[in-house]
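According to the working numbering, the sequence shown is numbered sequentially starting from 875.
Calculated from the structure, these hints are not laboratory results. Keep in mind it's a predicted model, so treat the numbers as computed, not measured. Heads up, the beta-carbon is just placed ideally off N, CA and C, and yes, glycines get one too. Heads up, some of the hints might be wrong.
What the hints assert, rightly or not - Taking CB as the label site, the calculated pair distances span: (1) Glu1213 with Ser1260: 50 to 60 Å; (2) Ser1012 with Ile1465: 48 to 58 Å; (3) Asp1045 with Ile1465: 12 to 22 Å; (4) Gln1289 with Leu1487: 53 to 63 Å; (5) Thr898 with Arg1211: 15 to 25 Å.
Said to hold, decoys possible - Pairs of lysine to any residue residues, derived as SDA-like cross-links and limited to a Cα-Cα distance of at most 20 Å, are as follows: (6) Lys912 with Arg1113; (7) Lys1190 with Ala1240; (8) Lys1303 with Ala1240; (9) Lys964 with Asn1017.
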Amino acid sequence: MPSFLQLEKVTKSYGDRLLFGDITFGIDEGDKIGLIAKNGTGKTTLLRIIAGVESADSGDVVFRNGLKVAFLEQMPVFVPGSNLIDACLKDGGPTAEVVRRYEKALAGGDSVEINAAVHEMDNARAWDYEDRLKQMLSRLELNDITASVDHLSGGQRKRLAIARMLMQEPDMIILDEPTNHLDIPVIEWLEAYLKRSRVTLLMVTHDRYFLDRVCNRIIELDNRTAYAYDGNYDYYLRRRAERIEAMSAELAKVKNTLRREQEWMSRQPQARAGKAKYRIDQFYDLKDRSRVDLSDKNVTLEVKSSYIGSKIFEAKGISKSFGDKKILDDFNYTFARYEKVGLVGANGVGKSTFVKMLLGLVKQDAGEWNVGETVRFGYYSQDGLSFDNDKKVIDAVTEIAEDINVNGRSVAPMQFLQKFLFSVPDQQKYIHTLSGGERCRLHLATILMRQPNFLILDEPTNDLDIVTLGILEEYLADFKGCAIIISHDRYFLDNVVDHLFVMQGDGVVKDFPGSYSEYREYVASLEKSESSQDVRADKKPQERHRAERAEKMTFKERREFEALTAEIESLTAEKAELDALFNSGEVIGDIADKSARYNVVCELLDEKEMRWLELSEKS
875 MPSFLQLEKV TKSYGDRLLF GDITFGIDEG DKIGLIAKNG TGKTTLLRII AGVESADSGD
935 VVFRNGLKVA FLEQMPVFVP GSNLIDACLK DGGPTAEVVR RYEKALAGGD SVEINAAVHE
995 MDNARAWDYE DRLKQMLSRL ELNDITASVD HLSGGQRKRL AIARMLMQEP DMIILDEPTN
1055 HLDIPVIEWL EAYLKRSRVT LLMVTHDRYF LDRVCNRIIE LDNRTAYAYD GNYDYYLRRR
1115 AERIEAMSAE LAKVKNTLRR EQEWMSRQPQ ARAGKAKYRI DQFYDLKDRS RVDLSDKNVT
1175 LEVKSSYIGS KIFEAKGISK SFGDKKILDD FNYTFARYEK VGLVGANGVG KSTFVKMLLG
1235 LVKQDAGEWN VGETVRFGYY SQDGLSFDND KKVIDAVTEI AEDINVNGRS VAPMQFLQKF
1295 LFSVPDQQKY IHTLSGGERC RLHLATILMR QPNFLILDEP TNDLDIVTLG ILEEYLADFK
1355 GCAIIISHDR YFLDNVVDHL FVMQGDGVVK DFPGSYSEYR EYVASLEKSE SSQDVRADKK
1415 PQERHRAERA EKMTFKERRE FEALTAEIES LTAEKAELDA LFNSGEVIGD IADKSARYNV
1475 VCELLDEKEM RWLELSEKS
C-alpha cells in the first residue's frame, strides 16, 4: 500500500523526563491504527507532533505530498461567538466558504443577498455539500445551527468538532480520545462510520470495543519504544503477551551471560588493559540490555471499603425539573447491599443531576432520599479535581490525611501515592503540570483514601489508560460496597454493573436487569419486532404470504450465495497477497497497477460481502 507518512527516530523530552526516543514507524493508506500506552508516556504528545501542533526534539515526520490531514483534539477549540455553521465550516475550503455565505444570507433575510448566494451556490455546485452538512449535524444531534458555540456542553462541542473534521473530507484523521464526552448512540454511530470509511486513521482511545471493531493495526509505546501489531485489539493482546514472554526469556539469558562476564571483568584487574576490547564492549552492551524493565508497573487499588449496613438508601417519590425539562418524575427505588448500577442515557437527560441529588448537592422538587447511617459516599466527578493547581501532589494529599488506612495498616501519603504510580519525583510536581491521566489517577486516589462504601463514579473512564481501567474494573468487582456508575464506555459497563437505570427523558427511568450489551440487543430486537409488525399490518393477507415466502432463498439466490462464498475467498486471498507484497519492503516495478488493483479488490470485497450478508439472512 502507498505510504502516507513516516516517522524517523522521533524523540521528545520535557526537562529531564524522556517521553520517547527514536520512535520509528510508518502509516500506509487504509491503515486504521490504535495507539496504546500507559498514561504519562506521551500518547497525546506524539499525536500532536504528527499533527504539527508540537515539535519533536529530534527526528522527522514525513507526509506524502498533498496529503490532507485532520486532527481531533481532546478539548476542541472554536472561535468565541461563532455559531454552529460558522464553526463547522471554518477552514473547510472554497465550497465550505460558499455554503457559509449562503447560510449567513438566509439568516439575514435580505432577498438580494439570498439571490446572490443562491447563484453562487449554483456555480460552485455546493448544494450536495450543504445537504451533507445538514445531515451530519442532524445525525450528531446538533439541530440548532444558529446556536453559539459559547453555550455548548462538552459533549456538544466534541460532536461539533467531529462534524467539522468529517466535512473536511481528509485523507487521514488523527483522533485523541474521540469517545470522551459522547453518549453511547453517537459512539456507536462514529464507530460504524469509521469502520466502513476508507479514511486512514490514527487514534488514541481507551474504548476497547471501539479499538477492537475499528482498528486493523495497533502500535504500542512501551519502554520508550514503538511496537507494531497487524491486527485488532484482541489480536494485540495475544501477541503482546507472547512478546513479553519472549523478551523475558531473552532477558534471563542476558543476565546469566552478564554474570559470567562480570566475573571475567573482575578477574586480574591489573591486566584490565590487556583484555580483549571487543569483549569489554560486549560486557557494557549486555549491561545496558539487562536494564530493560519488563515489569508492568500498575496502579494497586488495595484500599478496602468501610462497613456498610443493610440499609443503603431509599428514594421516595423523587421529582425534579428545570423549567419544562423533567429530570425525574415520581422516582421510587430501594437500593440493596453491594448493588452496582449503571446509569445510562443520552447527553443532557440528567444523569449527573440524578447523582448530585442523591449526594445532596442538588435539591429535589419533591420526595425524599432516606440514606443509611453507615453509608460513606465517595464521589468521582467528571468535573475533575477541586485542588489548587499551584499545589504539589504530595501537599494536596497530605492536606486530606497524614495517615491512610490500607488493609488495616497505616501508610504515609508518600507510600500511598506510589500505589497510584506517583513516584517520589512525581509527587513533587505541581498539579497544573499533570497530564489528563495523571489527574484522573490523583482524583481516584483522593477518593479511595477516605475508604468509601458507596462509590458514585461520573465518567471515570475518561483519560484513564486501558491498563488502569482493567485494574479499576477488578477493584469494583471485588468492592464490598455499592456503586452507581455513569459511563459511556460500553466495555466497562459490561464488566462492572449488575443492572442499568436507563434514563429515557421526560423524567422516565427504566430498570433493565442486565449488561449494556444485553440492553442494546433488547432494544434492537424490540425495534425489529415493531418494524416487522408495522410492515405486516400494512399488507393484505395475500401480500403477507408472498412476503413470508420471499424471506427464504430462491434456487437462483442459493446458487448466487454459493458462488459469492467462493468469490469472497478468492478476493480475500488476493488482498492478503497484495498486503504482503506492499509490506515486504521490496521494490515493486508496477506499483501503480498493483495499487489500482488493490483498490478494485477492496471495493469488490465490500460489495460482495454486503450481498452475502443480505442473502445469509434468508438462509
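Here is how each hint holds up against the structure:
1. Glu1213 with Ser1260: 50 to 60 Å: 28 Å, violated
2. Ser1012 with Ile1465: 48 to 58 Å: Violated, at about 42 Å.
3. Asp1045 with Ile1465: 12 to 22 Å: 18 Å, holds
4. Gln1289 with Leu1487: 53 to 63 Å: 56 Å, holds
5. Thr898 with Arg1211: 15 to 25 Å: 54 Å, violated
6. Lys912 with Arg1113: 18 Å, holds
7. Lys1190 with Ala1240: Holds, at about 9 Å.
8. Lys1303 with Ala1240: Since the Cα atoms of Lys1303 and Ala1240 sit roughly 46 Å apart, the hinted pair is violated (cutoff 20 Å).
9. Lys964 with Asn1017: 18 Å, holds
Hints 1, 2, 5 and 8, counting from the list given before, are not met by this structure.
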